[in-house]
Every structure is written in C-alpha cells, then in structure tokens.
Amino acid sequence: MIGTADTFSDQLFRQRPIVGILRNIDPGAYPELLSRYHGAGFTTIEITMNTTDASKIIREARDHWTSRLNIGAGTVCNVDELKSAIDAGAQFIVTPVLNLEVIEACVKAGMPVFPGAFSPTEIYKGWQAGATLVKVFPASVNGSQFIKEMQGPFPQIGLMAVGGVGAENFRSFFDAGAAAVGMGSKLFPPKIIESRNWDMLSAHFNQFN
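Under my numbering, the first residue of the sequence shown carries the number 9, and numbering increases by one thereafter.
Everything labelled a hint here was simulated from the structure, so no lab data went into it. Everything numeric in this text was worked out from a predicted model, so none of it was measured. Just so you know, even glycine gets a beta-carbon here, dropped at the ideal spot from N, CA and C. Worth double-checking, as some hints may not be accurate.
To be verified - Quick list of the computed label-pair ranges, beta carbon to beta carbon:
1. Pro197 to Asp95: 28 to 34 Å
2. Arg67 to Met208: 24 to 30 Å
3. Val115 to Trp206: 35 to 41 Å
4. Thr74 to Gly160: 37 to 43 Å
5. Gly36 to Ser210: 16 to 22 Å
6. Asp207 to Lys116: 40 to 46 Å
Unchecked claim - No farther apart than 20 Å at their CA atoms in a straight line, the calculated lysine to aspartate or glutamate pairs in the EDC-like style are these:
7. Lys116 to Asp18
8. Lys64 to Asp95
9. Lys91 to Asp61
10. Lys64 to Asp88
11. Lys64 to Asp34
12. Lys199 to Glu176
13. Lys194 to Glu176
Turn these sequences into a full structure, and let the hints steer you where they fit.
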C-alpha cells in the first residue's frame, strides 16, 4: 500500500519554476548547499533515487526545510522506488520514462508527478494518465523549438524541459512556453561543490535570476 503524499506547495513552485536536480552529491555538502540554494531564491529540489542513501537524504532535507523548499524524488522508475520515496517524505515525483503504473499510483496518493516523455504521443499519454507536468527529456535533443511546437496541439499540457538546460538557454525554454525547467550539473557544478566554494556557488546561482 502506497501512502498519501505530504503537501507540495504549488505557490512555492510557481515563484521559481526551476527544479534543481541533485545526484550523487557528497551527503556532507547538503546542509550548506541547500542553504545557498534557498538563499538564492530557489524553491524546489529533486534528489534522485539512484543516489546513495537517497531516502535518508530526502528525509533529512524534509526535516530541516519543511515549508521552505519543495523536496522531491527523481529517477523513480518503478512502484517500489515510488513507495520508498513517499515513505521518505518526498513531496513530488519525477521519472525519466513514461511508466503509467507509477503515474497511476501517484495520482491515487495525491502526489504531484512529472513523468518523462520524449515524443508527442508520450507527452499526451502522460498527461492523460494524470501527470501534473510532463517532463520533456532530454530537452537538448530537439531544443526549445520542440516546446514551442507542442503549444499548438497541447496548450493544456504543462511541460518541464530537462536535459541540457543551463544558464545559457533556460530562458529560451520559458520563452517557448515551458511551465518549468529542471537542471542538474549545470545548476550544481561538481567542481564548485567538491571544493566547497560556497560563495562561488552563490555567485553561480545568480546567473539564473
């Protein structure tokens, strides 16, 4: 039995519809990293389930950042991973693929879900199944023009561009009609995090204002 979702703040998400994606970051970096992230005005963070001790990291982040950050789970590929994510306190779910079973379980649990899709058919199937937003992945393959083209047949479907999105092009995806974007290493440069140069990380975040 999959439990019900904790509260996701749509208001927080709409303030800054950028999802920061954290994968295999040193657990010791999380406290200062999330503090700098929140301090830069970001509101939503995704911790991937293929990160070592992902459930523990999600749980600890929720304990500290409740009501200030939306904390979600990414790279959720099956229902077992979904259950682990919800048990850890995840407030939203992101998948890299279109798994209708996962979407259905999220809908039943009242859990916002952003399933991965690549083609118009997958985008429509994800939305029809109950997706909160559909994650277009990898967005870099077809670029922002694809997002723009999808506004024609699917103006009712919110799209989140993920994959190859960074400071140099994230605005073009919003201009094309994306409801949100997601970024991993381009938002969290590994070298900066590994060096614990937190002031440099804060300066880097300023590029996304």
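Evaluation of the provided hints:
no. : hint                         : verdict
1   : Pro197 to Asp95: 28 to 34 Å  : holds (31 Å)
2   : Arg67 to Met208: 24 to 30 Å  : holds (29 Å)
3   : Val115 to Trp206: 35 to 41 Å : holds (39 Å)
4   : Thr74 to Gly160: 37 to 43 Å  : holds (40 Å)
5   : Gly36 to Ser210: 16 to 22 Å  : holds (18 Å)
6   : Asp207 to Lys116: 40 to 46 Å : holds (45 Å)
7   : Lys116 to Asp18              : holds (18 Å)
8   : Lys64 to Asp95               : holds (10 Å)
9   : Lys91 to Asp61               : holds (15 Å)
10  : Lys64 to Asp88               : holds (16 Å)
11  : Lys64 to Asp34               : holds (13 Å)
12  : Lys199 to Glu176             : holds (19 Å)
13  : Lys194 to Glu176             : holds (10 Å)
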